[in-house]
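There are 2 protein chains.
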Amino acid sequence: LKTVGELGERRIIEIMLKHLEKAPLMAVPVGDDVSAVTFNDGNDVVVLKTDMLVGKTDVPPGMDLWHAARKTVVMNISDLASKGVKPSALLVSLGCPRSFKEVDFVRIAEGLNAGAREYDTYVVGGDTSETEDLIISVAAFGLARKERLILRCGACPGDILATTGEFGLSASGLKVLKEELAVSGGLQKSLVDAVLRPCARLKEGLALSGTGGVTASIDSSDGLAWSLHELSRSSGVGFVVDNLPVAGKALEFSEMFDFDPVELSLYGGEEYELVFTVKPDRWEEVERVIEREGNSLLRIGETTETRQVLLKYDGQIVEVEARGYEHFK
Amino acid sequence: LKTVGELGERRIIEIMLKHLEKAPLMAVPVGDDVSAVTFNDGNDVVVLKTDMLVGKTDVPPGMDLWHAARKTVVMNISDLASKGVKPSALLVSLGCPRSFKEVDFVRIAEGLNAGAREYDTYVVGGDTSETEDLIISVAAFGLARKERLILRCGACPGDILATTGEFGLSASGLKVLKEELAVSGGLQKSLVDAVLRPCARLKEGLALSGTGGVTASIDSSDGLAWSLHELSRSSGVGFVVDNLPVAGKALEFSEMFDFDPVELSLYGGEEYELVFTVKPDRWEEVERVIEREGNSLLRIGETTETRQVLLKYDGQIVEVEARGYEHFK
Numbered sequence: 026l027k028t029v030g031e032l033g034e035r036r037i038i039e040i041m042l043k044h045l046e047k048a049p050l051m052a053v054p055v056g057d058d059v060s061a062v063t064f065n066d067g068n069d070v071v072v073l074k075t076d077m078l079v080g081k082t083d084v085p086p087g088m089d090l091w092h093a094a095r096k097t098v099v100m101n102i103s104d105l106a107s108k109g110v111k112p113s114a115l116l117v118s119l120g121c122p123r124s125f126k127e128v129d130f131v132r133i134a135e136g137l138n139a140g141a142r143e144y145d146t147y148v149v150g151g152d153t154s155e156t157e158d159l160i161i162s163v164a165a166f167g168l169a170r171k172e173r174l175i176l177r178c179g180a181c182p183g184d185i186l187a188t189t190g191e192f193g194l195s196a197s198g199l200k201v202l203k204e205e206l207a208v209s210g211g212l213q214k215s216l217v218d219a220v221l222r223p224c225a226r227l228k229e230g231l232a233l234s235g236t237g238g239v240t241a242s243i244d245s246s247d248g249l250a251w252s253l254h255e256l257s258r259s260s261g262v263g264f265v266v267d268n269l270p271v272a273g274k275a276l277e278f279s280e281m282f283d284f285d286p287v288e289l290s291l292y293g294g295e296e297y298e299l300v301f302t303v304k305p306d307r308w309e310e311v312e313r314v315i316e317r318e319g320n321s322l323l324r325i326g327e328t329t330e331t332r333q334v335l336l337k338y339d340g341q342i343v344e345v346e347a348r349g350y351e352h353f354k
Numbered sequence: 026l027k028t029v030g031e032l033g034e035r036r037i038i039e040i041m042l043k044h045l046e047k048a049p050l051m052a053v054p055v056g057d058d059v060s061a062v063t064f065n066d067g068n069d070v071v072v073l074k075t076d077m078l079v080g081k082t083d084v085p086p087g088m089d090l091w092h093a094a095r096k097t098v099v100m101n102i103s104d105l106a107s108k109g110v111k112p113s114a115l116l117v118s119l120g121c122p123r124s125f126k127e128v129d130f131v132r133i134a135e136g137l138n139a140g141a142r143e144y145d146t147y148v149v150g151g152d153t154s155e156t157e158d159l160i161i162s163v164a165a166f167g168l169a170r171k172e173r174l175i176l177r178c179g180a181c182p183g184d185i186l187a188t189t190g191e192f193g194l195s196a197s198g199l200k201v202l203k204e205e206l207a208v209s210g211g212l213q214k215s216l217v218d219a220v221l222r223p224c225a226r227l228k229e230g231l232a233l234s235g236t237g238g239v240t241a242s243i244d245s246s247d248g249l250a251w252s253l254h255e256l257s258r259s260s261g262v263g264f265v266v267d268n269l270p271v272a273g274k275a276l277e278f279s280e281m282f283d284f285d286p287v288e289l290s291l292y293g294g295e296e297y298e299l300v301f302t303v304k305p306d307r308w309e310e311v312e313r314v315i316e317r318e319g320n321s322l323l324r325i326g327e328t329t330e331t332r333q334v335l336l337k338y339d340g341q342i343v344e345v346e347a348r349g350y351e352h353f354k
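So the sequence lines, in the order shown, correspond to chains B and X. Note that the working numbering has the first sequence beginning at 26, numbered continuously upward. Note that the working numbering has the second sequence beginning at 26, numbered continuously upward.
Accuracy of the hints is not assured; some may be wrong.
Given that identical chains are not distinguished, each listed pair holds provided it fits within a single copy or across any two copies.
[What the hints assert, rightly or not] When the alpha-carbon atoms are kept at most 20 Å apart in a straight line, the in silico EDC-like pairs for lysine to aspartate or glutamate are as follows: (1) K203 / D285; (2) K27 / D129; (3) K304 / E127; (4) K126 / E31.
To be clear, the hints were calculated from the coordinates, so they are not data collected in a lab.
Based on the sequences and whatever the hints tell you, model everything.
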């Protein structure tokens, strides 16, 4: 009998899915960032997502209750963003230890509210229970036209591979917090902020879905490498990354402490950028709509027929491993 | 600074609500059994509910993982049922200790699936995390016509007070399990089954909402007494219960062990009957639609102008206390 640690989160989900009957009328394949149920003759969908934050594993040193609550909202909204769906409302199931005081609940409520309002949505309901450790489980829902959803499965060979931002800040920030590394003020703030105040790319996701030029999309919460492998598996394609989007400050940090910037950017996780593929003849239009949102696209590589995820970096070609953050492991 | 135990779940929710901005377009007042967001010019609603099961507090001795998972589904569907809303899909956030084995996840998935399929719905997505204790958080959603929702706030003086079933079995069953009381086979099974295999009154809730004759409704998961006080507060009315629906087997059990059957029926909780009010001139019609669903209504009392909840029992009139099951207390 295998233990939870040997199985890992992904295998556990596979096991459970075998024993859960599949719903008809699902607009999104099992395993995509969100679930979606069709209505109105199949043209509209209710999009659903739930993700849980657990004190012990998901709250690094230095993250207070306000930030933990806000982050749980961001985690959920990021998945809706990656499909191009605006959140309509959030529910919260809260588990708190007996040691919590009134002020702790105020902080959690304020953090939840701040996260919700940043993305123009609201917490509309919830539940509280007594638990050993902090548990914040958020469920997000949104309404969308089915044809507007960007799934993980539409990438074609030749499509441009892009992201909404650079990588490596969160993994660097986590190291700063966990290993108590001494970094100068400005750099410290950028790295730690990436961990404490992550942002979901909602404006960008909505704009991308509006163009019709984006063929597949995923959020990068389990790391860039894992996201690329998921897109590869779902779309039946491969990728060559020839422009690894390492954040300048992650590079600076990795040089200071002799860390590998490629490792930090590919396998770190807890980053909430969108990773997506664009039809080559629609690239300029897609770039324009993202610029209109005050951001810029990063072209990081290309979609290939061969189902491999390769990285060209520093004059070499290496395989990107299918690993990233995983619960229980 | 008050602790969680001194505050109690209801006060905690009040504190948090003060720091959460209220969403516009809510079709259901804050604090009702579900939340609901309107769409389609306000005529339709997405109904949302989340409720969490925690191993330590919500799983009595004798309840295995299959039953715990199924019960979490029932807890959520019962709230939708009380509003007359059919569940369209469920999400599950699962927290499991490191000691869990593959077979434990199978049992949980099978229990979730059994619960979902009993009510003609499906688990369509979820999330797993590592936690100290078992945590199952379900979120349920359904679509409905706004005009068909039965809220807690519509009861009028003169309305008949009714339930979909009798009370006291769960509280008795919990005593059997927790205090390891020796009861004869048939009685034992009835009482313990009420705890291990609760049922949501979905068919009944849907039928009630179809009649237009039901003015207010709540599910009784926090106990009959608490449900009556909630209806009283939300509707600005009172109740006289002159026909306390004590289950025959709860009466039998309470006589065997010298427990108070009124206490078991009013304050037990974990029972999933619907408690509701009916316009007097619609009573026969409402009774008929429930009989068509193979159940019968229990007329337990009357709605009054005075905001008090009174019980006529055994020749006496007493006030029903506003207490019931509450987390943290």
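Quiz item: For K203 vs D285, is the C-alpha pair at or below 20 Å within one copy, between two copies, both, or neither?
Solution: within (17 Å within a copy, 56 Å between copies)
Exercise. If the cutoff is 20 Å on CA atoms, where do K27 and D129 land: within, between, both or neither? Let me know, please.
Key: Intra 38 Å, inter 11 Å, cutoff 20 Å: inter-copy only.
Quiz item: At most 20 Å between C-alpha atoms: does K126 with E31 qualify within a copy, between copies, both, or neither?
Solution: Result: close only across copies, 10 Å inter versus 37 Å intra.
Exercise. State whether the alpha carbon distance between K304 and E127 is at most 20 Å within one copy, between copies, both, or neither.
Key: neither (52 Å within a copy, 42 Å between copies)
Against the hints set out earlier in the document, a violation occurs for number 3 only.
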